[in-house]
Structures are given as structure tokens and as C-alpha cells.
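Going line by line, the protein sequences match chains A and B.
FYI, in the numbering used here the residues of the first sequence are 78 to 240.
FYI, in the numbering used here the residues of the second sequence are 73 to 225.
Derived by calculation from the structure, the hints in this document are not laboratory data.
Some hints could be false.
Straight-line Cα separation of at most 35 Å, DSBU-like style, residue types lysine-lysine; simulated pairs [what the hints assert, rightly or not]:
id : chain 1 : residue 1 : chain 2 : residue 2
1  : A       : Lys230    : A       : Lys147
2  : B       : Lys74     : A       : Lys230
3  : B       : Lys74     : A       : Lys147
4  : B       : Lys74     : A       : Lys226
5  : A       : Lys226    : A       : Lys147
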Amino acid sequence: MSRRSSAVLSALITLVIFVGLPLYAPSQIPEEYFEMFSETGVDLNAFTYQIAAIGLIASVLTLVKGFASKASYIYLLAALSSNAMMLYFNLFTFSVGDLANLGQVTVTTEIPGGVNTMLLDMRLFVQLAFLTVGLQVIYTVLEFINARKEEAKAGMEASTPPS
Amino acid sequence: MKAYQVVGVLVTLVQLGSILGFGLSLHAMAGVVMGTISGGEIGLEMNFEEPGSPGTMELNLSPNNPGLLETTASFEITILDDLGVPLDTDYESVVLEPGDSQDVSLWLEISAADVMRIVDGMETSVEVTINLRTFYDLVGITNTIRLEVTEAI
Numbered sequence: 078m079s080r081r082s083s084a085v086l087s088a089l090i091t092l093v094i095f096v097g098l099p100l101y102a103p104s105q106i107p108e109e110y111f112e113m114f115s116e117t118g119v120d121l122n123a124f125t126y127q128i129a130a131i132g133l134i135a136s137v138l139t140l141v142k143g144f145a146s147k148a149s150y151i152y153l154l155a156a157l158s159s160n161a162m163m164l165y166f167n168l169f170t171f172s173v174g175d176l177a178n179l180g181q182v183t184v185t186t187e188i189p190g191g192v193n194t195m196l197l198d199m200r201l202f203v204q205l206a207f208l209t210v211g212l213q214v215i216y217t218v219l220e221f222i223n224a225r226k227e228e229a230k231a232g233m234e235a236s237t238p239p240s
Numbered sequence: 073m074k075a076y077q078v079v080g081v082l083v084t085l086v087q088l089g090s091i092l093g094f095g096l097s098l099h100a101m102a103g104v105v106m107g108t109i110s111g112g113e114i115g116l117e118m119n120f121e122e123p124g125s126p127g128t129m130e131l132n133l134s135p136n137n138p139g140l141l142e143t144t145a146s147f148e149i150t151i152l153d154d155l156g157v158p159l160d161t162d163y164e165s166v167v168l169e170p171g172d173s174q175d176v177s178l179w180l181e182i183s184a185a186d187v188m189r190i191v192d193g194m195e196t197s198v199e200v201t202i203n204l205r206t207f208y209d210l211v212g213i214t215n216t217i218r219l220e221v222t223e224a225i
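Produce the complete structure using the sequences and hints provided.
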């Protein structure tokens, strides 16, 4: 499969999972669950729209990466933006919409006769997301440098007349 | 192998580790919560005999761990007066190996004077905290339920 067709396929899959699913799934959730979520302070609609927006941008970036030359600055910019989007997605998901939480989420709900407070500690996965994206940035830059070198080498070989 | 390919392998390993750790942690914590609620028995017993004598409260739980990771489960029960000052508290922590089940019994003793204040209409509440830590204690969930004693009774 060529780079372009795999980019189109990858963008389509991203679009279905991160845009189609979050926009379709809420219509299947009963109204009382929405009310339950709103009591916890989590705006489920805003959350799903944000996920869909992230998915849309990620799909476009995947397409750009598939069609641009690996040695071009457009590819480098798209790849770095893609890494940043991935970090944003992880932070957003593990913090349930509030980035300042950094993976530590407190949800308080009123129950008959009292209050229920739940604290989720997912900071490890936020730290791992930072590590992954850090490594991905290094990978992107090294891959870009390698592609530039190979392109220059190919250019040199093409311009050298055969002896 | 080129440098960027080595970094690519590292990225894949960290991503796989993260996904695996996340899945196993959620599985373990959800398993202990569900196992404690459905698999074991929960009993909250309050005993206030006649005014002038101390009262007791006992909470019995049988948490079990159907997950694949060792989980540390901590339980705490506190009875608080109308100002939120603890009248008594008890705490127990158990380490649940995969497939393991243990009995937890928490006991509160309320002095005769405090029993009198409760009988006289003091707003009292009971706070039960369940804290679960798994994946080498790096991931966790803490659930605190605070109930008015009149409702709890």
C-alpha cells in the first residue's frame, strides 16, 4: 500500500473513531445518564464535541503527512502538530475535560442523604503521555533530518555525471 | 538500525506499556469495587442501647480481587459531629493478590456523652472512604461517601 493510500485509510479510521463515534454515541445514551453526568459537573456534550474537534484536526494532519514529502517542512510541521494533538487528547481525556487537573479528577455527586466524592488518580498515564510525546518529537526530528540527508544524497547522485 | 528507528521502537514500547497498564489497572479497580459490592457482604450495624451508655457502630466488608494486578484496598469509617469534628474513626488496609478475598471489619465506639448529644438531635454524619491503589500503587481511586446518621440508620 502506498504512503498516500495508507494516509487516506488512517485518516478515515481516525475520522470514524474520533469524530463519528463521539457524535453518534450520545444519541444512544439515555437522558437520565446525561442528567447524572451534568450533576457531576462534567459537560458531556462539550466533552464529546472537543473529542470530535481533536479527531477532525488529527485526520487532516494525517492526510497532510501522507501527501507531503518526508523531507519537507510541511511534513515536519504536520508531524509535530500531530504529536501536540496527541498530548492534548491524552491530557483532555485523563483530566475529563479540565486540563489543569493533570490526570487527577474529583467528581462530587449528591446521593440520597449525603454526598459521594470520587477521586481518580490517573497521573501516571499523563506522565507516560508526556514521555511518549517527548519521544515522538525526537523521532519526528530525527526522521526529518534523515529524510533531508537522503534527499540531498539522491540529488547529488542525480547531478553527478556518470564517468 | 538508525537512531530514529530505535526511538520509534521506544515510542511503541511506551505506548504499549501505557495501554496495557491502563487496561489492567481499570480492570483490577473495577473488579475490586464490583467484587466488594456484589461478591461479598456489606454490613453496617449501629448499636445505641439506652441513653447514658456508649454506642457502637460496625462495618463489615468482604473485598475480593478478580483482577490480574495486586491491589491495596484501604477502608476508613469516621463518625463526625455537627461541626465536622471526628468523634471516632477506624481504618484498615488489606493487600489483595489476584483472586484473593479478605474480610474487613471496622469498629467505632461512641462515648456516652456523644450518644446523648446524638439523641438530643445533634446533626451527625458517617463518612466511609474506600481507597484502591494498583499497578505498583501508581494508579488509584478514592471514593468517599458521607451520610447523615439519621439517613444511615
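The hints, checked one at a time:
A distance of roughly 14 Å separates the Cα atoms of lysine 230 of chain A and lysine 147 of chain A; the hinted pair therefore holds under the 35 Å criterion. With a C-alpha separation of about 16 Å, the suggested pair lysine 74 of chain B and lysine 230 of chain A falls inside the 35 Å cut-off, and the hint holds. Distance restraint check for lysine 74 of chain B and lysine 147 of chain A: the Cα-Cα separation of roughly 16 Å lies within the 35 Å cut-off, and the hinted pair is therefore satisfied. Distance check on the hinted pair: lysine 74 of chain B and lysine 226 of chain A sit about 13 Å apart at the alpha-carbon level, within 35 Å; holds.
The hinted pair formed by lysine 226 of chain A and lysine 147 of chain A meets the criterion: a straight-line CA distance of about 11 Å does not exceed 35 Å.
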